[in-house]
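Chains Y and X supply the protein sequences, listed in that same order.
Counting along the first sequence from 1, when you hit position 343 you're at 343 in this note's numbering, and nothing is skipped either side.
Counting along the second sequence from 1, when you hit position 133 you're at 133 in this note's numbering, and nothing is skipped either side.
Treat the hints loosely; a few may be bogus.
Said to hold, decoys possible - Partial pick of chain Y residues on the chain X-facing surface, computed with a CB cut under 8 angstroms:
1. P34
2. S67
3. Y70
4. V83
5. V84
6. P206
7. Q329
Stated by the list, open to error - Far from chain X, by Cβ distances over 10 angstroms, these chain Y residues were calculated:
8. E21
9. R33
10. E85
11. I86
12. W129
13. L134
14. E141
15. P182
16. D195
17. P227
18. V252
19. E295
20. H322
Because the hints were derived from the structure by calculation, they are not lab data.
As the structure is a prediction and not an experimental result, all values here were calculated from the model.
For each residue, glycine too, the CB sits at the ideal point set by N, CA and C.
Protein chains: 2
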Amino acid sequence: MAKRIDSTPKADGYRMPGEYEPQEKMWMLWPERPDNWRNGGKPAQKAFIKIAEAYSRFVPVTMGVNSGQYANARNMLPPEVRVVEISNDDSWIRDCGPSFVINDKGDVRGVDWDFNAWGGLVDGLYFPWDQDELVARKVCEIENIDSYKVAGFVMEGGSFHVDGEGTLITTEMCLLSEGRNPHLSKEEIEQYLKDYLNLEKIIWLPDGIDPEETNGHVDDVACFARPGEVICIYTEDEDHPYYDAAQKAYKVLSEATDAKGRKLKVHKLAVPKEMVRITGADGIDYVEGTMPREEGEMAIASYLNFGLVNGGIIFPQFGDEHDELAMEQIKAIFPDYEVVGVRSEEVAYGGGNIHCISQQQPKG
Amino acid sequence: MAKRIDSTPKADGYRMPGEYEPQEKMWMLWPERPDNWRNGGKPAQKAFIKIAEAYSRFVPVTMGVNSGQYANARNMLPPEVRVVEISNDDSWIRDCGPSFVINDKGDVRGVDWDFNAWGGLVDGLYFPWDQDELVARKVCEIENIDSYKVAGFVMEGGSFHVDGEGTLITTEMCLLSEGRNPHLSKEEIEQYLKDYLNLEKIIWLPDGIDPEETNGHVDDVACFARPGEVICIYTEDEDHPYYDAAQKAYKVLSEATDAKGRKLKVHKLAVPKEMVRITGADGIDYVEGTMPREEGEMAIASYLNFGLVNGGIIFPQFGDEHDELAMEQIKAIFPDYEVVGVRSEEVAYGGGNIHCISQQQPKG
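For reference, chain Y alone in the conformation it holds in the complex (with noise of 0.2 angstroms):
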């Protein structure tokens, strides 16, 4: 039975492994918040049902749902992805879920982070955020897995990617910011890190690309392909928003060791060519305390917010001109990998992408 353990995954033997190790599970929450997504969540809940069965060929998929929407998620998606009731405030398990950990013996645990909406009072995106909190521990107990808890110490699982061999790559524009732990200094947060992940090196970039919204999540910015190498988005376009974040971190990237003291080969990625903006904000609620979206406000969109799974990538599309040069860039890097392409503008739409909406569970 699934139970809370007091010490850390580096004193008890785990570690987090890299998304392209095997994995067990994938973990999805579905879109309904009619504050944050527009037309009452339908666009994006059919983008979460091709994502969902984009995953479904290379892993099992389970969808957790607000109760008010079972029925409806059931009956929309297909068989082969379980649906279970996991009440949260949005959808976006990956920074609300659990990261999982593992030992040499292939037991699996959660790390529970605290959790406040990417900034709490100080500039999170809504109010409240409780059952997003709940989020991580009731994936673990369905799983019967056992978890630490990770009390006064604000994370979220697309701040951070790990190579799976002690190195995790972050930003400081959202590690350092006001609303996470402002309390702690850059070492102290390093060294939860590297008690919680099991990790000796933490390579930091400048920033991410939406200041706005998860303050620069890493996700959107860099990741590993494998142990020894990382993927940078890129762009020499220098009137293109993302520029000076993409070409900060290329640079770091490029001159960065990691743990086990390997300097990295960083491969670049395209960014969109034009922003991809929103349409039909007039179908988003207003609500006090919720981040507003405005009509023809750029969305985030990075091809790099991707998700990587048992030998396939999901890889988020916009209809844009750089869609098929991307594409054509993450099938190099993975030339044994099944690409999968999902148009995905109404996950952008709400603040995300493929990976800031799955959460993987490593194969045990």
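Since the structure of chain Y is provided, determine the placement of chain X on it from the hints.
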């Protein structure tokens, strides 16, 4: 993944095992309904915890809970009890949960009956019951168990007992009631039961002991102890409110043969000497559409409504003069079982007992 299956268990070679066969899990639902349980369900929750703890000695227990009570239930229950969200209208998983069937290879499937709160708009106990109706499906989804949806046929798990070898006992009072399946003849009802539980023989007892509530569920009156042997409540006190139902049931069972042609051996089980009477009814909300419970009203209390689980018996005790007698009788019927007595008046106040609030999942 959990599929819906259009055929029937009988056609597919599945049967419902007896409760004395090996069990994999026990399912319960957390009580909270303030118009049924006194004092916001707090005393009932404590009784449910004791019952869950008792079951936990013999089988892993999962407690389903409405979202709003998740944190409280998780906090109050011991760690060995798994807590998952399963929205429900009340906590009678015996009746709204799935009936599980198995085949010779050890595959397990669920049977998902229609549920209408014990009589629907005719004489149901509350309205609506839409969340209860989904419980069976949700349990099967969590477990990745395929299920049969028996559409158009109202049935509750507490209204029948099977021997696992082709025989079922039930009551006419319940199954032929106006609020269940008035569109079906007795023979058609038999056919549904035979098809979905894989039976050859239905033994009809006339009455149960709670005409106003479940319309006479058999699980307060009689059950199987093992193939060929039944237990029946028994009293010679003509003034006892259960006298008529008990005597009639005893007579039918004493003259009955089972599906294998065996004459049944009938064990007697005492009834409480004094009736359990509801106290603290002023702590129960009045809600239009919910059956009211009055101070001093007789609560249905039967020792027969016990839990049978992997060598253990979780046995109701009421603080009654006959508690000890009933305990001795049950030990004599089950000499190889450990009998755990649990005070369960609080469950009786709400309309049922240990068997009503638990649903066993057989070992695959």
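Query raised in the report: Does the structure break any of the earlier hints, and which numbers would those be?
Result: 1, 6, 7, 10, 11, 13, 14
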